[in-house]
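**Q** Okay, here's what each chain looks like letter by letter:
There are 2 protein chains.
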Amino acid sequence: MTSIQLYDTTLRDGMQGEGMSLSAEEKLRVAHRLDVLGIDLVEAGFPSSNPKELELFELLARERFAHAEIAAFGMTRRRDSRADEDPALRVLADSFAPVCTLVGKTWGLHLEKVVKVDRDENLRMIAESVAFLVAQGRRVVYDAEHCFDGWRDDPAYALRCLRAAAEAGAETVVMCDTNGASLPGEIAAAVSDAAAQLARSGVQLGIHCHDDAGVGVANSLAAVEAGATHVQGTMNGYGERCGNANLVTIVPNLQLKLGHDCLTSEQLATLTPTAHFLDELLNRTPNADQPYVGKNAFAHKGGMHVAGVMADATTFEHLDPALVGNRRELLISELSGKGTVQARADAAGIALDDAGSRRVVERVKELEHRGYHYEAADGSFELLLRKESGEYEPLFRLESWRVIVERRADGKVETEATIKIWVGGERYVRTGEGNGPVHALDNALRAAIGEIHPHLNETGLVNFKVRILDETKGTEAVTRVLLDASDGQDVWGSIGVSENVIAASWDALVDSLEYAVQPGRERHEQALRDAAQTGS
Amino acid sequence: MTSIQLYDTTLRDGMQGEGMSLSAEEKLRVAHRLDVLGIDLVEAGFPSSNPKELELFELLARERFAHAEIAAFGMTRRRDSRADEDPALRVLADSFAPVCTLVGKTWGLHLEKVVKVDRDENLRMIAESVAFLVAQGRRVVYDAEHCFDGWRDDPAYALRCLRAAAEAGAETVVMCDTNGASLPGEIAAAVSDAAAQLARSGVQLGIHCHDDAGVGVANSLAAVEAGATHVQGTMNGYGERCGNANLVTIVPNLQLKLGHDCLTSEQLATLTPTAHFLDELLNRTPNADQPYVGKNAFAHKGGMHVAGVMADATTFEHLDPALVGNRRELLISELSGKGTVQARADAAGIALDDAGSRRVVERVKELEHRGYHYEAADGSFELLLRKESGEYEPLFRLESWRVIVERRADGKVETEATIKIWVGGERYVRTGEGNGPVHALDNALRAAIGEIHPHLNETGLVNFKVRILDETKGTEAVTRVLLDASDGQDVWGSIGVSENVIAASWDALVDSLEYAVQPGRERHEQALRDAAQTGS
Numbered sequence: 266m267t268s269i270q271l272y273d274t275t276l277r278d279g280m281q282g283e284g285m286s287l288s289a290e291e292k293l294r295v296a297h298r299l300d301v302l303g304i305d306l307v308e309a310g311f312p313s314s315n316p317k318e319l320e321l322f323e324l325l326a327r328e329r330f331a332h333a334e335i336a337a338f339g340m341t342r343r344r345d346s347r348a349d350e351d352p353a354l355r356v357l358a359d360s361f362a363p364v365c366t367l368v369g370k371t372w373g374l375h376l377e378k379v380v381k382v383d384r385d386e387n388l389r390m391i392a393e394s395v396a397f398l399v400a401q402g403r404r405v406v407y408d409a410e411h412c413f414d415g416w417r418d419d420p421a422y423a424l425r426c427l428r429a430a431a432e433a434g435a436e437t438v439v440m441c442d443t444n445g446a447s448l449p450g451e452i453a454a455a456v457s458d459a460a461a462q463l464a465r466s467g468v469q470l471g472i473h474c475h476d477d478a479g480v481g482v483a484n485s486l487a488a489v490e491a492g493a494t495h496v497q498g499t500m501n502g503y504g505e506r507c508g509n510a511n512l513v514t515i516v517p518n519l520q521l522k523l524g525h526d527c528l529t530s531e532q533l534a535t536l537t538p539t540a541h542f543l544d545e546l547l548n549r550t551p552n553a554d555q556p557y558v559g560k561n562a563f564a565h566k567g568g569m570h571v572a573g574v575m576a577d578a579t580t581f582e583h584l585d586p587a588l589v590g591n592r593r594e595l596l597i598s599e600l601s602g603k604g605t606v607q608a609r610a611d612a613a614g615i616a617l618d619d620a621g622s623r624r625v626v627e628r629v630k631e632l633e634h635r636g637y638h639y640e641a642a643d644g645s646f647e648l649l650l651r652k653e654s655g656e657y658e659p660l661f662r663l664e665s666w667r668v669i670v671e672r673r674a675d676g677k678v679e680t681e682a683t684i685k686i687w688v689g690g691e692r693y694v695r696t697g698e699g700n701g702p703v704h705a706l707d708n709a710l711r712a713a714i715g716e717i718h719p720h721l722n723e724t725g726l727v728n729f730k731v732r733i734l735d736e737t738k739g740t741e742a743v744t745r746v747l748l749d750a751s752d753g754q755d756v757w758g759s760i761g762v763s764e765n766v767i768a769a770s771w772d773a774l775v776d777s778l779e780y781a782v783q784p785g786r787e788r789h790e791q792a793l794r795d796a797a798q799t800g801s
Numbered sequence: 266m267t268s269i270q271l272y273d274t275t276l277r278d279g280m281q282g283e284g285m286s287l288s289a290e291e292k293l294r295v296a297h298r299l300d301v302l303g304i305d306l307v308e309a310g311f312p313s314s315n316p317k318e319l320e321l322f323e324l325l326a327r328e329r330f331a332h333a334e335i336a337a338f339g340m341t342r343r344r345d346s347r348a349d350e351d352p353a354l355r356v357l358a359d360s361f362a363p364v365c366t367l368v369g370k371t372w373g374l375h376l377e378k379v380v381k382v383d384r385d386e387n388l389r390m391i392a393e394s395v396a397f398l399v400a401q402g403r404r405v406v407y408d409a410e411h412c413f414d415g416w417r418d419d420p421a422y423a424l425r426c427l428r429a430a431a432e433a434g435a436e437t438v439v440m441c442d443t444n445g446a447s448l449p450g451e452i453a454a455a456v457s458d459a460a461a462q463l464a465r466s467g468v469q470l471g472i473h474c475h476d477d478a479g480v481g482v483a484n485s486l487a488a489v490e491a492g493a494t495h496v497q498g499t500m501n502g503y504g505e506r507c508g509n510a511n512l513v514t515i516v517p518n519l520q521l522k523l524g525h526d527c528l529t530s531e532q533l534a535t536l537t538p539t540a541h542f543l544d545e546l547l548n549r550t551p552n553a554d555q556p557y558v559g560k561n562a563f564a565h566k567g568g569m570h571v572a573g574v575m576a577d578a579t580t581f582e583h584l585d586p587a588l589v590g591n592r593r594e595l596l597i598s599e600l601s602g603k604g605t606v607q608a609r610a611d612a613a614g615i616a617l618d619d620a621g622s623r624r625v626v627e628r629v630k631e632l633e634h635r636g637y638h639y640e641a642a643d644g645s646f647e648l649l650l651r652k653e654s655g656e657y658e659p660l661f662r663l664e665s666w667r668v669i670v671e672r673r674a675d676g677k678v679e680t681e682a683t684i685k686i687w688v689g690g691e692r693y694v695r696t697g698e699g700n701g702p703v704h705a706l707d708n709a710l711r712a713a714i715g716e717i718h719p720h721l722n723e724t725g726l727v728n729f730k731v732r733i734l735d736e737t738k739g740t741e742a743v744t745r746v747l748l749d750a751s752d753g754q755d756v757w758g759s760i761g762v763s764e765n766v767i768a769a770s771w772d773a774l775v776d777s778l779e780y781a782v783q784p785g786r787e788r789h790e791q792a793l794r795d796a797a798q799t800g801s
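Protein chains in written order, with my numbering: chain A, 266 to 801; chain B, 266 to 801.
Just so you know, the hints here were simulated from the structure itself, not pulled from any lab data. Quick caveat: nothing in here was measured; it's all calculated off a predicted structure. Among the hints, a few may not be true.
A pair counts as met if it fits within one copy or between any two copies, since identical chains are not told apart.
[What the hints assert, rightly or not] No more than 30 Å apart at the CA atoms, straight line, and that leaves these computed lysine-lysine pairs for DSSO-like:
no., residue 1, residue 2
1, 677, 381
2, 317, 522
3, 730, 560
4, 685, 378
5, 381, 522
6, 630, 677
7, 381, 685
8, 317, 685
9, 730, 630
10, 317, 730
11, 603, 652
12, 522, 677
13, 381, 652
14, 522, 560
15, 677, 730
16, 630, 522
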């Protein structure tokens, strides 16, 4: 059916949510993931609202994207001034972004109480700002703020605002439910009215919703059914208050249920990992109940459900989880677990028999009950598979370790770790220093093991995350540490769980290094190197 | 407008969610809270599916409710048998519950693949089961499972199922979107069709939705607009997979936005505490972004938003938070301006002039660039305000601290922290042990300061979160620690940022304790205590 333009504002409006913060480098990674997912327009923010945004646009200008285009965001010109003399519009015109999104007022209440601009001047602000950027060679998306509040109050004036942007050359005018006040019926009526009135102008109509009434997704769908072909939203519905409309839910609804054209099926199958990547980057617990991509979204509990799903999945599943990159969870069936384990072992080239798979399932069940979580710890999970298959070689035998962190009287902080380990009948005592305890332990361990496994020197820690589980239990709570390590090509995760954050970090660190030196992995790397040489 | 019957199935369908578990006593407390909220029908489960359910019905039978009626839940009779000989129907007939809810099949696919019952026998199962309970003096709610899947497949048969229940004397027939497959348009079409076809039978039409497509709330609203007057759902949307339709969102939408009659305004004002009570009872972190009742639902960030809300709340709030028992929050971030800072200082009783507010804004901008983040660290933010206003008293002068974490050869992990500080010209050297470095530092610090500020012994750490910022930079990355502390009534957050996780934890810990002992805060607490005494 209709082709829908997807506009992601995670990096701008999503960042308005409580506790949301990403560095410029991290935002760049997000932009690339959105590109792979197939998002058409990635809104990156205002190119110079602070040093971090400035840095981001400098980074973005040098990047190549397969499909996505970057949109810079700004406001209409200040009142009673000229667009071509407006410093903020000049910043947009000077940025590399091919698309500029401008936000402006639509609602009389805001004109009177917030910005104190008269209605005709507001129309000139819209028209002149859009025209200025169009004259500078930019494609312009015009975001009509509080459009539905304006529509309820004075639909004729709201329409004049949209028309001002359209006639000044905007490619898209977006009706924004900024306060999230509207229900689907109101959205449908206003969009279909606007679509009819603006039909001749040839402008594309867009929708931007928030979830304050819990209907942000339904509102976006209602707008598309009423004629909008550009949909704004954020990943996982991030955003201030109750969040923006959730693109992760909207996209499969549009594509799989309403038959619109948004993404290729390969792109759609990356939806679940992309959604989880964002949560991990933001150190947020992924919402297990999230439609389509949540861990529980296709979980089945209770005998009849499971039997029904086994007989014919359509009896209890509204669609095939693989379409969105998710999978079925059978909460009471060991069979499903075994199959997954087997598949993972096969992929890693580990020979695991039926009894071994069953032991892994039992072990994972027991460990997850203690707070382990293997979704983001593929390295630790592979070690677990190896342990049950017999293809595991411990890196060393531990005698003891000790970490000292000291803030001296002169204000300097020093960290030192000493380890005592046995490798091949020989005792190694090594001390490492570092920026922090994990870094120091890592250095000490590498000082010992690097002599035997020199290629470990090419690997390093790239990420470290700590979360308290069961926070309400206070000091009895356990700490979960997730580490990511990389050898420059591959990245693997490992996990440690303990009452003590340093002990949990140690366990994750050891897994991280052991994973790197497993013979299976070395063979795999050699095979990759051989293949690369043959190819060159 | 129309009066809507609210049917809560938290105690039955809500309990199907992952990790959901309540004792019979706890379920009784829930029933009473739902009664106070004004729920019409509280579904409690099957009166004898296990000993816990049996105990619950025994407890419920002795209770008095102001308004709510208890519904017992069961299935239609087994195939090829008699309703009056069906043991499960007999249990319902023997229970005290004035309302019995029966679930039965509507969808051909399930009849063929899951229960293997022919279509005519299914109609007899529905009719005879309903008639049996009606003859036993019960009011019957009939839940037509997979009704919308059935409607898509064979609307005539789905309608015959509804009609069978209606003609056998059911008070209400409920169209269930059991798999959560439907979108609002389909729901509206099927309900309005059913309403027209069943108009003469006088039966009440109900709706029961799930959130698999993220539109459970919108589907419920669409059904009401199409003629349903009985709405089933759960508190906070608990339920299997993506959850049931969320009554906490549906009710204010129906009442405040669509003008239906559900609760009194006094009852509606208990919505937020009731929703939080359920989360507390289930030991779940309340969803801060939840529409209407979430902590962030009426939170404002960004200078213009805050200025607008201060001028006229309707500019940025879709309704008054007090209507649902919630309140407004002003968040601090690099994007917010002087107005927000001033408002926060006023709320904390700190005298901050215009120049001071400006200094705070500049300071926050600079600190946020270094990785600080004050939204979740209200305690640290208040200290920052105090520092700029001159109303700040440091807790101590630090000389040095040292943390040792050791994993001994016997496998035991020991943690010890020593601090050297000066308070009022006197030097304190104290050592603390703990589960981890933060716990040990906390103990050492309290050992010193607790002598001067004994009420610190009533405060404690309740949460600890660590994140690496700019993870791609590896070892140059900084670590951000967020701590939450509580004195049993109030919870405050503090933050520390450093290359070293222990140093960052130390900074957050000091803020956390300093916040607790600021004279302003102590005065505030005293005022609260005085008010409480006068009131008693």
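**Q** Each hint should be assessed against the structure and marked as holding or not.
**A** So, going through the hints one by one against the coordinates:
1. In this homomeric assembly, residue 677 and residue 381 never come within 30 Å of each other (Cα to Cα): the closest approach is 53 Å inside a single copy and 68 Å across copies.
2. For the identical chains of this complex, residue 317 and residue 522 are neighbours neither inside a copy (39 Å) nor across copies (40 Å), given an alpha-carbon limit of 30 Å.
3. Taking the shortest alpha-carbon separations for residue 730 and residue 560, both the intra-copy value of 19 Å and the inter-copy value of 23 Å come in at or below 30 Å.
4. Taking the shortest Cα distances, residue 685 and residue 378 never come within 30 Å of each other, neither inside one copy (69 Å) nor across copies (55 Å).
5. Proximity of residue 381 to residue 522 under the C-alpha cut-off of 30 Å is restricted to the inter-copy arrangement: shortest distance 29 Å between copies versus 44 Å within a copy.
6. Only between protomers do residue 630 and residue 677 lie at most 30 Å apart by alpha-carbon distance; the minimum there is 25 Å, versus 44 Å within a single protomer.
7. In the homo-oligomer, the alpha carbons of residue 381 and residue 685 never lie at most 30 Å apart, since the shortest distance is 71 Å inside one protomer and 57 Å across protomers.
8. When the C-alpha separation of residue 317 and residue 685 is checked against a cutoff of 30 Å, the pair qualifies neither within a copy, at 43 Å, nor between copies, at 38 Å.
9. Both within a single protomer and between protomers do residue 730 and residue 630 lie at most 30 Å apart by alpha-carbon distance, with minima of 22 Å and 25 Å respectively.
10. In this assembly of identical chains, the alpha carbons of residue 317 and residue 730 lie at most 30 Å apart whether taken from the same copy (22 Å) or from different copies (23 Å).
11. For the identical chains of this complex, residue 603 and residue 652 are intra-copy neighbours only, at 16 Å inside a copy versus 58 Å across copies, given an alpha-carbon limit of 30 Å.
12. Taking identical chains as interchangeable, the C-alpha atoms of residue 522 and residue 677 are never at most 30 Å apart, the minima being 60 Å within one chain and 56 Å between chains.
13. In this assembly of identical chains, the alpha carbons of residue 381 and residue 652 never lie at most 30 Å apart, being 69 Å within a copy and 35 Å across copies at closest.
14. Only within a single protomer do residue 522 and residue 560 lie at most 30 Å apart by alpha-carbon distance; the minimum there is 21 Å, versus 33 Å between protomers.
15. Proximity of residue 677 to residue 730 under the C-alpha cut-off of 30 Å is found in both arrangements, the shortest distances being 25 Å within a copy and 24 Å between copies.
16. In this homomeric assembly, residue 630 and residue 522 never come within 30 Å of each other (Cα to Cα): the closest approach is 35 Å inside a single copy and 45 Å across copies.
Of the numbered hints listed earlier, those contradicted by the structure are 1, 2, 4, 7, 8, 12, 13, 16.
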